[in-house]
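Protein chains: 2
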Amino acid sequence: MSLRGLGVDPRCRCIETESQRIGKLIESVELFPPSPHCKDTEIIATLKVSRKEICLDPTAPWVKKVIEKIIANKTPAA
Amino acid sequence: MSLRGLGVDPRCRCIETESQRIGKLIESVELFPPSPHCKDTEIIATLKVSRKEICLDPTAPWVKKVIEKIIANKTPAA
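Quick mapping for you: the protein sequence lines, in order, are chains A and B. Its first residue numbered 1476, the first sequence is counted upward by one per residue in our numbering. Its first residue numbered 1476, the second sequence is counted upward by one per residue in our numbering.
No wet-lab data here; the hints were simulated from the structure. Be careful, since some hints might not be right.
[Stated by the list, open to error] Here are the simulated DSS-like pairs of lysine-lysine, each with C-alpha atoms no more than 27 Å apart in a straight line:
1. B/K1549 - B/K1523
2. A/K1527 - B/K1523
3. B/K1549 - A/K1540
4. A/K1549 - B/K1544
Start from the sequences, fold in the hints, and give me the full structure.
Right, here's the structure in full:
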């Protein structure tokens, strides 16, 4: 069955991830858990001003810190 | 200055949050850190199949667990 008709992209979204700490530039972060379409969690940040979307590495400590800060009701500064 | 021209909603997005544990139904989760437009972190989940968007309570332990599971490369089951 093709999933394209359902509006679901049947592949991973991220090809490469940002290695620099760009916490300050982040407007929002979207988390995609593992799914039949992609075996690994994907994290996509939308940047302030440019609204550019950047893939982040879920295993990078700074990325985890950014998400922990957001959940703790703080702005990410990392 | 009005921010509407920039495509930024100058208010909070969430009016109420989901109290039930809907981890299993979650397709993706978007995190919005505190900003000039909303003093509190907002978490919006997109549900599988229906693609409905639901606000989650960032202070709810089950919500934190769902996010921790996603970062740990697991599917949220809470």
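Results for each hint:
1. B/K1549 - B/K1523: With a Cα-Cα distance of about 16 Å, the restraint between B/K1549 and B/K1523 holds, given a limit of 27 Å.
2. A/K1527 - B/K1523: At roughly 25 Å apart (the allowed maximum being 27 Å), B/K1523 and A/K1527 satisfy the hint.
3. B/K1549 - A/K1540: holds, 18 Å
4. A/K1549 - B/K1544: holds, 20 Å
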